[in-house]
Amino acid sequence: MKTLGLLQGPQTLGKGKPFWSAFTLVVALACAYPLFADGYDVGNNVYFFNWAFMALGLSLIWGYGGTLSFGQTAFFGVAGYTYGVISINFGDAYGLTIFALVASVAAAALLAAALGYFLFFGRISGVFLGIVTLSVTLVLERFMAQTAGPEWRVGAARLNGYNGMGGMPSLTIPWFGSDIVLFPDVQLYYFTLALLIACYLGLRILVNSRFGNVLVAIRENPQRAEMLGYDIRVYQLVTFIIGSALAGLSGVLYTSWGNYITPASMGMTAAALPIVWVAVGGRSDLTTTLIGAMLVLAGFQALTIHGSQYALVVMGALLVLTVLIAPRGLVFGLGTLVAALVNRKPKRQGE
Amino acid sequence: MAILETRALNKWFGGLHVTGGVDFALQRGEIHCLIGPNGAGKSTLFRLILGEHLPTSGQILYEGNDITKAKSFERIRRGISVKFQVPGIFKALSVRQNLQIALQHHCPPAELDGEIDRLLEFLKLTEARHQLAGNLSHGQKQWLEIGMAVGLKPRLLLLDEPTAGMTPDETAATGEMVQALNRDGVTVLAVEHDMAFVRQIAHKVTVLHFGKIFAQGTINEIVADERVAAIYLGDATHA
Chain A
1 MKTLGLLQGP
11 QTLGKGKPFW
21 SAFTLVVALA
31 CAYPLFADGY
41 DVGNNVYFFN
51 WAFMALGLSL
61 IWGYGGTLSF
71 GQTAFFGVAG
81 YTYGVISINF
91 GDAYGLTIFA
101 LVASVAAAAL
111 LAAALGYFLF
121 FGRISGVFLG
131 IVTLSVTLVL
141 ERFMAQTAGP
151 EWRVGAARLN
161 GYNGMGGMPS
171 LTIPWFGSDI
181 VLFPDVQLYY
191 FTLALLIACY
201 LGLRILVNSR
211 FGNVLVAIRE
221 NPQRAEMLGY
231 DIRVYQLVTF
241 IIGSALAGLS
251 GVLYTSWGNY
261 ITPASMGMTA
271 AALPIVWVAV
281 GGRSDLTTTL
291 IGAMLVLAGF
301 QALTIHGSQY
311 ALVVMGALLV
321 LTVLIAPRGL
331 VFGLGTLVAA
341 LVNRKPKRQG
351 E
Chain B
1001 MAILETRALN
1011 KWFGGLHVTG
1021 GVDFALQRGE
1031 IHCLIGPNGA
1041 GKSTLFRLIL
1051 GEHLPTSGQI
1061 LYEGNDITKA
1071 KSFERIRRGI
1081 SVKFQVPGIF
1091 KALSVRQNLQ
1101 IALQHHCPPA
1111 ELDGEIDRLL
1121 EFLKLTEARH
1131 QLAGNLSHGQ
1141 KQWLEIGMAV
1151 GLKPRLLLLD
1161 EPTAGMTPDE
1171 TAATGEMVQA
1181 LNRDGVTVLA
1191 VEHDMAFVRQ
1201 IAHKVTVLHF
1211 GKIFAQGTIN
1221 EIVADERVAA
1231 IYLGDATHA
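Here the protein sequences line up with chains A and B, keeping their order. In terms of our numbering, the first sequence is residues 1 to 351. In terms of our numbering, the second sequence is residues 1001 to 1239.
Next comes chain B alone, as it looks inside the complex:
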């Protein structure tokens, strides 16, 4: 059953058709990666799903409900959560406070401290809990933001290039985190450029190109697809 669907989703910015009639379905329990060359419309599709942009036409359904016109915070309250490409953390606040702000909305006060401690351990940030978030390493910042997103107990987690700027070790650890979350029942949609990471986590891959779905399948099917190789080599017009 699809947890998220887009139907004939279109977005125009002036004369630029950035999202071209995208029909996309994300199945519950799946880890699904969106890939494509720069300018393919991945970020725009992400922002449409999040409600940061409103579509020119088309529909977005979440758990069967139309959320096309819902405000961003309303979508989050329904069970969607996001981790941005550039770490969206509160730099001047402590690591613990970052997590507290994320969790306090839904977590009963009596359970808050214990929940934060569990999350700190999961993120390997227990030692750094009193540090200012802005002083963390890049990889730790990414993990903290994943923690904030996960702290909302989402059913759907959106990850925008979660491993950008990470070392190979940090990337592998992040992949394990995402897989652990998925095992706990979280559906994941990730925009990612790092194909090793995609291979590590993805159940299914969708290739976007010029704002349209270009190919879809398992990572092996996508890698074997010559048309996909061609667009990454910049020869899409003949593909």
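Chain A extracted, bound-state conformation:
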């Protein structure tokens, strides 16, 4: 019960009846959506949901922890390729794709633990941490790009260079009678939506817990946090691992969704986009991050239909505008404005 109380607190916007009523309404609408939308739109929404995990992870690392990681796509890619290799080799029977999902997210977390150890225990911070993480994702991209030859295979799984790895099975849940294959359709929609809601609520509890208190303290003043007796390196490392595991989860869901992954998913453009989603939404709050990521992803996709080059330029302009107009995020700015108005009302009535 006490844990549930942490669903709202000083580190998250939105509390009380109005917020949770709105939350319930949004979840209800999301649940009802497949009843009204066609198969393409449902699958397309799953695509948006896939990226949301990476956005939430980056919000945790950057917005709450104050550490800008520019290379979350490295964990996305590592988990995606790991899922491909395991599932192509072992197939989709007996729930092995679920095992592949867990193992792939664990691989991303392991990479984050190794990289994060050297970064945080080596006291690398600020812009240098951004440079190192960006370098890691670009190195992985270049490495995977040169794996086109037939010698680059892990068992039956061809890495395939820039052509990308394909042919891996979709996530499959073992079930009595016949397995449930999570194609980009209604089943996958509900599976991903349930995961997203669970992650969002779990992260709300985490950031409002004692751990979250220390995390924002490190963001605000790392020296003071250390001088309160906290080993800030450990907190930063744990946060980095959790955030990167979420990026890994995005990678697995994306790969399973499209049965395909390419080195471009770890390239410069891919690495920059999560920064835009999270910055535009408002990195220091999970809800604004989620809303911002969905809006920017939808906008980006709509623009891409008319011309991919314009879409990237608009994304860049959006980031610059956010930094200049609302450094804490456009959605965050709107959210705090609404909260201020709601909080003012009872006072006026009382006067």
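Calculated directly from the structure, the hints in this document are not laboratory data. Take the hints with a grain of salt, since some may be wrong.
What the hints assert, rightly or not - Not close to chain B: a few residues of chain A, all C-beta gaps over 10 Å, as computed:
| id | residue |
| --- | --- |
| 1 | 34 |
| 2 | 110 |
| 3 | 201 |
What the hints assert, rightly or not - Below, a sample of chain A positions facing chain B; criterion: calculated Cβ distance under 7 Å:
| id | residue |
| --- | --- |
| 4 | 8 |
| 5 | 10 |
| 6 | 14 |
| 7 | 208 |
| 8 | 217 |
| 9 | 224 |
| 10 | 230 |
| 11 | 323 |
Note that the coordinates shown come from a computational prediction; the quantities given were computed from them, not determined experimentally. Beta carbons are placed, not taken as given, at the ideal position from N, Cα and C, and that holds for glycine.
Given chain A, put chain B in place with the hints provided.
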């Protein structure tokens, strides 16, 4: 009995000898002020004690244990606490949250709220508890940081110019706070320039000059020492 000792403590920054073989003992229960002109090495000695710098040579003992190579957070966990010269608070968080972060590490959850309320009252910040810490007046920020340092229930409290930028009233109130803490058993080591404040609180005063201990004694002995007056007037070479 000494709660803190430094033995032949040296710190070089390149060719600059900032701390020159300092042998210093701080007795348990004492309020001890470190004074000296700018560049005397007070802040460096402070940072060495805190573990922000590692000494080039020498030893630091806390409660008889060698902490020379201990990390800063480990020293804090052993019972040392610090208040910085520039208020080291979490500006974007509320006053209450600042104190909660300081206290939650050692305070049982059931007692946390009551402990925070007691501390807010002691700091005269009960009214401001929901304000963002960054919006407090300068003096209130200093008090909040003292509260965060005290919230750790330290046995040794380090204060780096605790009254910097305060009004005379705030300075006097801060002196009373420090004396109240001392009566509760906290040993205090303070770097301070304000001699009225030093006179108000100090049991003992150490004068640092060119990284070495230049004089030591009660405030009256130090004030009467012509050599000390000379270095504050910039004539140390003849002192």
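Quick one: which hint numbers does this structure break? Sort them smallest to largest. 4, 6, 7, 11
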